[in-house]
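Protein chains: 2
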Amino acid sequence: MLAEDLAREFPAVDIDGDAMEAARLLAEQRLPGLVVIDESGRPYSVLPGSQVLRFVIPNYVQEDLSLARVYDEKQADKLCSTLAGKRVRELLPRKLPELPVVDPDATVMEIAAVMARMHSPVVAVAQKKGPLVGVITVADLLQTLLPQA
Amino acid sequence: MLAEDLAREFPAVDIDGDAMEAARLLAEQRLPGLVVIDESGRPYSVLPGSQVLRFVIPNYVQEDLSLARVYDEKQADKLCSTLAGKRVRELLPRKLPELPVVDPDATVMEIAAVMARMHSPVVAVAQKKGPLVGVITVADLLQTLLPQA
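Residue numbers (our numbering), protein chains in the order written: chain R, 18 to 166; chain B, 18 to 166.
Same shape as in the complex, but just chain R (with noise of 0.2 Å):
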């Protein structure tokens, strides 16, 4: 078993792309983050559900929860329309969270080391300097590598 097989699809969204649709990615399919890939389709980086929220959501109600009592539920609805106009790129964090990126050729146990050190869920699944293959999450290789119950 190969990164190959394991890839499945999984939705990423361009580096361009439109910042509203990527949140509504994220919340119509349920994810705690979306792969972001380049100008030419090579997986970038991840953009983090919760990194969202804080672009929407002002500094000084992150930095003091008290005031974040204050908000209405009208004013909490209007928080994402900071988001039209924007791009992906512009929510990103300056320091970009790692996407470790494995070969198409990786196995199992090449998976699930890269994952374990670097503590992610996901990796991307692509050639040096090719386009987005797929990715693989801990929960496909838990089923990988777990004994039949």
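It should be emphasised that the hints constitute simulated quantities derived from the structure, not laboratory data.
Computed from a predicted structure; not experimentally measured.
This list has only true hints and no planted wrong ones.
No copy labels: a pair is met if it fits in one copy or bridges any two.
Once the Cα atoms are required to be at most 35 Å apart in a straight line, the calculated DSBU-like pairs of lysine-lysine come out as: (1) Lys95 / Lys146; (2) Lys145 / Lys95; (3) Lys103 / Lys146; (4) Lys112 / Lys95; (5) Lys145 / Lys103; (6) Lys91 / Lys103; (7) Lys146 / Lys91; (8) Lys145 / Lys91; (9) Lys112 / Lys91.
Following the hints, complete the assembly by docking chain B onto the known chain R.
Frame of chain R, contents of chain B only:
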């Protein structure tokens, strides 16, 4: 909309529960991590799937990824047998991942601010010193916050 309205059941494991069962739950339910509860049912921490891999993969392989290539599929299949007889407690990293906890009457804005600040894809819902009521994911929250398409 308050935390108690948004909270949903989410697979939680007991800190003294079976490690192999926890790994199976991650694999079967396709989760990136599990909420761990203590003896009194209180939210305690999170068990990330990558942490299970860190437990089963020898340290020298995590440190030198080229060694992973040497493992054949049979050996890889045996990796997870190290989970047998272990408890969830033994899998947790020494530096425990912090699980944000919010009150059942926390507002959407408060929940979002906590997630944003702690870079967390989930928050646990519980009364002070009370048992786990449920879990809210970042996807749940974005669904509530995003303007209807």
